[in-house]
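**Student:** Spelled out from the first residue to the last, the chains are:
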Amino acid sequence: MALRSLICRKTLGLASSSGFKLQFRGLQTFSLPDLSYDYGALEPAISGEIMQIHHQKHHQTYITNYNMALEQLHHAIEKGDSSAVVKLQSAIKFNGGGHINHSIFWKSLSPVCEGGGESPHGSLGWAIDEHYGSLDALIQKMSTEGAALQGSGWVWLGLDKESKKLVVETTVNQDPLVTKGPLVPLLGIDVWEHAYYLQVKLFSKTIWSLCDAYFSFLCDGRTM
Amino acid sequence: MVAAVAAAAVTTANPLTCSLFPSQGLRGTTSGLQWTKRQCTRKASALTVTAKFELKPPPYPMDALEPHMSKDTFEYHWGKHHRAYVNNLNKQIEGTELDDTLLDDAVLITYNKGDPLPAFNNAAQAWNHEFFWESMKPGGGGKPSGQLLQLIERDFATQFGSGWAWLVYKANRLDVGNAVNPCPSEEDKKLVIIKSPNAVNPLVWDYYPLLTVDVWEHAYYVDFQNRRPDYISTFMEKLVSWDAVSARLEVAMARAAEREIEEARKRKEEEEGNFTDKEPAEIFIDGVADDSETD
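First to last, the protein sequences are chains A and B. End of the first sequence sits at 224 in my numbering; the numbers just go up one at a time, nothing left out. End of the second sequence sits at 295 in my numbering; the numbers just go up one at a time, nothing left out.
Treat the hints as calculated values from the structure; they're not laboratory data. Glycine included, every Cβ here is placed at the ideal spot set by N, Cα and C. Among the hints, erroneous ones may be present.
Here are the simulated BS3-like pairs of lysine-lysine, each with C-alpha atoms no more than 25 Å apart in a straight line [as the list claims (entries may be wrong)]:
# : chain 1 : residue 1 : chain 2 : residue 2
1 : B       : Lys91     : A       : Lys141
2 : A       : Lys57     : A       : Lys107
3 : A       : Lys57     : B       : Lys195
4 : A       : Lys93     : B       : Lys195
5 : B       : Lys80     : B       : Lys113
6 : A       : Lys87     : B       : Lys195
7 : B       : Lys195    : B       : Lys137
8 : B       : Lys238    : B       : Lys56
Take a look, some chain B residues computed to stay more than 12 Å from chain A by CB distance [claimed, not checked]:
#  : residue
9  : Lys80
10 : Gly161
11 : Gly163
12 : Thr234
13 : Trp242
14 : Glu272
If you want the footprint, here are the derived chain B segments under chain A, 3+ residues with CB under 8 Å [what the hints assert, rightly or not]:
#  : segment
15 : 220-228
16 : 254-267
Go ahead and model the full structure; you've got the sequences and the hints to work with.
**Tutor:** Put into structure tokens, the structure is as follows:
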């Protein structure tokens, strides 16, 4: 018992930086990852107010509910309660997906002073030109796909592991990109209204144009 | 539960169109309500007549729901979102057969039995938003609360992207598609709370909508940010127009009763027709078709 506690404490120390903790039962819990920039660092494209609420409220809520669902799943599996296991799947998909997607999202953004806004170079830049003709064409495609999405969801630039090609995809609600196939997410854009709605007054355009403006800011080679 | 059916005139309608609801005169007394279908305004030019759906103003001023729903929210919600749905719908239907339909029918036609046509999103959202404004009133809310509030808060607080929460009158409809209940009973006629994603509304399931809450984030984000449960409880406690709900329920029950009578009459006609008909109806026993025919 003492040895197991010792191992777990050591494991806790190693694991804490990657955002999850191992408890003695072997059940993982997840925690809110830090941003590598200040909330206000992306202004004027995205306001500090939006960033803070988005990170501290929305993302945190997904993590909280994801942890709860995982704990309930753990108990259901232990009891052999298949109905409960199946019933929990939608909560796991929604909240776990929310955590996955937002973790990618924060890394998809970067302040201008840290390289945000620079055009993609190297193999990624070459691949974009090869598949879409130009960065502008890719931005246009992602903007169009995002604006066309009805309701809540995400727009993605991904890499198809099998065909080795870049793809632009959308997912609904909090479905992660992996639900669409053997795709690796390179860039994810949150198209839920919470991602931009508090800035709606800054734009005199319709909400659909707001999406375009939002995408332009984000897709502007920011972290590619 | 509402007892007697109102004495107001109820227009008989195409069975597909099950939503009759009052015009903008909701502020009057129940007995003074006129029941009309949604009208589209017709604009006649010298050569052609086109019917365009109009963006009706809400039945109260934009700031009338403050402080529970801000004027800012209302102006954007009605003036940008709702307006965009109506304008885009009109563009989509121009020159098509939908150019000459009522909005309720446009919703059902474009739903296309579950394989929605491009215009469905705009048609349904136009319908939903108009219904939503009419589901609220200044000084609204209050009773009945309690269990209804708890059920709505429980079902809609979390785990839901963009969509709508509904209180509907479910007459003798089964939960599967549009199947008719083979054993209808009084207990099947009940109020149900349901949710629908994105633009979908319960007309497509042949339910009678009584009340709706818009739970798209744009409906509450300026006032409540991520606090959807607070928005929903504020809606229930301070905004909902129970007059509108009651009036809609009376109409729904009357329509359901009419439809029952009509369906019973048709069944009887079919049965009577079968006695005189030379060919009997096919009876399937244990999955094997019995093709017996008389001479």
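**Student:** Against this structure, judge whether each hint is valid.
**Tutor:** Going down the list of hints, with the structure as the test:
1. B/Lys91 x A/Lys141: Measuring from Cα to Cα gives roughly 23 Å; hence the hint holds.
2. A/Lys57 x A/Lys107: Holds. A/Lys57 to A/Lys107 sits at ~18 Å (cutoff 25 Å).
3. A/Lys57 x B/Lys195: Judged against 25 Å, a Cα distance of about 24 Å means the pair holds.
4. A/Lys93 x B/Lys195: holds (19 Å)
5. B/Lys80 x B/Lys113: Distance ~29 Å between B/Lys80 and B/Lys113 Cα, so the pair is violated.
6. A/Lys87 x B/Lys195: holds (18 Å)
7. B/Lys195 x B/Lys137: Measuring from Cα to Cα gives roughly 22 Å; hence the hint holds.
8. B/Lys238 x B/Lys56: holds (23 Å)
9. Lys80: violated (6 Å)
10. Gly161: violated (3 Å)
11. Gly163: violated (7 Å)
12. Thr234: Since the minimum Cβ distance to chain A is about 18 Å, B/Thr234 lies beyond 12 Å and the statement holds.
13. Trp242: It holds; B/Trp242 is separated from chain A by about 29 Å at its closest Cβ, greater than 12 Å.
14. Glu272: Nearest chain A Cβ is 48 Å from B/Glu272, so the label holds.
15. 220-228: Check passed, 4 qualifying residues.
16. 254-267: Since 0 is below three, the answer is violated.
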